[in-house]
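Protein chains in written order, with our numbering: chain V, 1 to 340; chain S, 1 to 340.
Just to be clear, a hint being listed does not mean it is correct.
Identical chains blur together in the list; that is why a pair holds if it fits in one copy or across any two.
[What the hints assert, rightly or not] Simulated pairs of lysine to aspartate or glutamate, EDC-like, Cα-Cα distance not exceeding 16 Å:
(1) K306 <-> D36
(2) K148 <-> E327
(3) K148 <-> D206
(4) K304 <-> E293
(5) K306 <-> E193
FYI, nobody ran anything at the bench for these hints, they're computed from the structure.
Values in this document were obtained by computation on a predicted structure and should not be read as measured data.
2 protein chains.
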Amino acid sequence: MSRINRQWRLTRRPEGAIQDGDLELVETPLSDDVPDGHVLIRTVYLSLDPTNRIWMSDRDQYLPPVEVGAVMRGSSIGVVEVSRDARLAPGTLVAPGLGGWQDYDIVLGKQVRPLPAIPGVPATAYLSALGSTGLTAYFGMLEIGAPKEGETVVVSAAAGAVGSVASQLAKLKGARVIGIAGGRDKCRWLTDELGLDGAIDYKHDDVGAALDRLCPNGIDVNFENVGGPIMDAVLARMNNFARMPLCGLISGYNADGPTPGPKDFSLLLMRRIRVQGFIVLDYLSRAGPAQRELAQWVGEGKIKYKVHVEQGLENAVSALRRLFTGEHDGKLLVQVSPES
Amino acid sequence: MSRINRQWRLTRRPEGAIQDGDLELVETPLSDDVPDGHVLIRTVYLSLDPTNRIWMSDRDQYLPPVEVGAVMRGSSIGVVEVSRDARLAPGTLVAPGLGGWQDYDIVLGKQVRPLPAIPGVPATAYLSALGSTGLTAYFGMLEIGAPKEGETVVVSAAAGAVGSVASQLAKLKGARVIGIAGGRDKCRWLTDELGLDGAIDYKHDDVGAALDRLCPNGIDVNFENVGGPIMDAVLARMNNFARMPLCGLISGYNADGPTPGPKDFSLLLMRRIRVQGFIVLDYLSRAGPAQRELAQWVGEGKIKYKVHVEQGLENAVSALRRLFTGEHDGKLLVQVSPES
Numbered sequence: 001m002s003r004i005n006r007q008w009r010l011t012r013r014p015e016g017a018i019q020d021g022d023l024e025l026v027e028t029p030l031s032d033d034v035p036d037g038h039v040l041i042r043t044v045y046l047s048l049d050p051t052n053r054i055w056m057s058d059r060d061q062y063l064p065p066v067e068v069g070a071v072m073r074g075s076s077i078g079v080v081e082v083s084r085d086a087r088l089a090p091g092t093l094v095a096p097g098l099g100g101w102q103d104y105d106i107v108l109g110k111q112v113r114p115l116p117a118i119p120g121v122p123a124t125a126y127l128s129a130l131g132s133t134g135l136t137a138y139f140g141m142l143e144i145g146a147p148k149e150g151e152t153v154v155v156s157a158a159a160g161a162v163g164s165v166a167s168q169l170a171k172l173k174g175a176r177v178i179g180i181a182g183g184r185d186k187c188r189w190l191t192d193e194l195g196l197d198g199a200i201d202y203k204h205d206d207v208g209a210a211l212d213r214l215c216p217n218g219i220d221v222n223f224e225n226v227g228g229p230i231m232d233a234v235l236a237r238m239n240n241f242a243r244m245p246l247c248g249l250i251s252g253y254n255a256d257g258p259t260p261g262p263k264d265f266s267l268l269l270m271r272r273i274r275v276q277g278f279i280v281l282d283y284l285s286r287a288g289p290a291q292r293e294l295a296q297w298v299g300e301g302k303i304k305y306k307v308h309v310e311q312g313l314e315n316a317v318s319a320l321r322r323l324f325t326g327e328h329d330g331k332l333l334v335q336v337s338p339e340s
Numbered sequence: 001m002s003r004i005n006r007q008w009r010l011t012r013r014p015e016g017a018i019q020d021g022d023l024e025l026v027e028t029p030l031s032d033d034v035p036d037g038h039v040l041i042r043t044v045y046l047s048l049d050p051t052n053r054i055w056m057s058d059r060d061q062y063l064p065p066v067e068v069g070a071v072m073r074g075s076s077i078g079v080v081e082v083s084r085d086a087r088l089a090p091g092t093l094v095a096p097g098l099g100g101w102q103d104y105d106i107v108l109g110k111q112v113r114p115l116p117a118i119p120g121v122p123a124t125a126y127l128s129a130l131g132s133t134g135l136t137a138y139f140g141m142l143e144i145g146a147p148k149e150g151e152t153v154v155v156s157a158a159a160g161a162v163g164s165v166a167s168q169l170a171k172l173k174g175a176r177v178i179g180i181a182g183g184r185d186k187c188r189w190l191t192d193e194l195g196l197d198g199a200i201d202y203k204h205d206d207v208g209a210a211l212d213r214l215c216p217n218g219i220d221v222n223f224e225n226v227g228g229p230i231m232d233a234v235l236a237r238m239n240n241f242a243r244m245p246l247c248g249l250i251s252g253y254n255a256d257g258p259t260p261g262p263k264d265f266s267l268l269l270m271r272r273i274r275v276q277g278f279i280v281l282d283y284l285s286r287a288g289p290a291q292r293e294l295a296q297w298v299g300e301g302k303i304k305y306k307v308h309v310e311q312g313l314e315n316a317v318s319a320l321r322r323l324f325t326g327e328h329d330g331k332l333l334v335q336v337s338p339e340s
């Protein structure tokens, strides 16, 4: 038996926002002939993340860029359909690593991680609050930001997949938390549903004036996802000995040139601020305990999350574009095939 | 009896490089009538530091700016001439804090620190290798940079008072150390006298190409004193998990606008770099043990330093200008009066 495997391949490096034709959907036959020790996985959910855009470019980055002509890289979860690894029975829900934007993939069984079956936890949680976005928030906020009770924390892109978890983790530690997001609805979700102490709609509010009002004691932790003028506005209000986990700089991912640093770098010096770039891949050896702690908080309702599921692999590119315009609501996934 | 006290007062905030007339030398009478618990100190050496220029401006900074009309702030050492504090006998050599650019000062005895008398250690060492510049190098390099044996360390302004000590401390820890300085003589001093593994003359060399040649394994620690294009060249070659103690940004101190951050801030993210601004004042409670360790290394000849002494309080302003052009050789001091 053979299957038709649809693959999104990178045809050229996007300039600026992703355009039609930067990727193409190609159909290739895939044989059932799986090598010993390998498994054939059917993709169920594909995770769309800001870092996908980085991987498409040849800028300096933490993994090699996706090569032109290659299948687009991406996180996913899938179901084992054919197994030649005794530990992985067909039907098992697994995280296959960075397999990519395709219907099927054949990978070494030992590179594949079966997902724990936790009652009440849907599969999509493993690509959101309990997945790499949740873990990014966990390590970035708790280990680098390390807010203390009563400190003030600002999170940019606070309604995003990482930012929303990071914001709630800071609340769990007793901090005053202010989120920055685009749009009234997102801001309302942050304050009314997630319990943040304030939210700033950067599309309509004067961010600096709002920070002055909402952070009367200055800012101790800036969980930075965005860069640019929003970062500058936060930085200008950071306290002595403040921490800035640098998680993302999405404002620059579609730009051709490099993403510039703060307008006033001397603030880091004068206020003894620590900026620490980080990537969740560095923490994978400690993912297990963190994931269990997150799962408990999700189960107790202390961490809420939203998942926005688009249907169909064919819509992956158009869905990814929404990440950069904010026209999505929660962690953005593409459902490629049914869960069972 | 009364003395004539000459004081450099700030008459206006400099724009760009310090101009004649930005400060004026004023003579005022000073009475011997010292209040109880106070001491009258005769200034012996005045320390000239890049941070003096920061204090003259009203930019955001770590201490309040010097007010227009006030005596210019500065580190110094002096001799107690009149004492109404039983612990401080006349003739004692002391560090009076940030008393300033004047012949005499009357201060509370408990704010004054007598200098330890270490055989073979000249008084000027307490304003250089064993003073706040040495301590800045000590905490910035050893605690924030924390180079490991075999790592590569780059120090900008490496022939300066802080940079030269920082470079030697990294050598003591077994690192490969490359210094960046302005001029062939300074570079020769770094390699031939201080034992650095390489030196780059930014006034004549292509800094990027030289870094490529001298740092074949990339850069693990960047002890940053300068900012601007030199910082960008170093940053572009920093390794994953590198550290950047941010000690100074002298390239921007004479500028009117803010000092911009790195041209490519995303490098911090992609390479998980830590930037930590610091000020030596935060470490004063731990200065004693650090100073003793530095004194031992100085005594053993493991840390060498140079002092450049200009004579006469009246020359303080012209001397300070040299800090920004590099026309000095070692820690820049002004001798205001004889040591004894």
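Status of the hints after comparison with the structure:
1. In the homo-oligomer, the alpha carbons of K306 and D36 never lie at most 16 Å apart, since the shortest distance is 39 Å inside one protomer and 69 Å across protomers.
2. When the C-alpha separation of K148 and E327 is checked against a cutoff of 16 Å, the pair qualifies neither within a copy, at 33 Å, nor between copies, at 47 Å.
3. Taking the shortest Cα distances, K148 and D206 never come within 16 Å of each other, neither inside one copy (28 Å) nor across copies (46 Å).
4. Taking the shortest alpha-carbon separations for K304 and E293, only the intra-copy value of 14 Å comes in at or below 16 Å, while the best inter-copy value is 52 Å.
5. In this assembly of identical chains, K306 and E193 lie within 16 Å of each other by CA distance solely inside one copy; the values are 11 Å within and 62 Å between copies.
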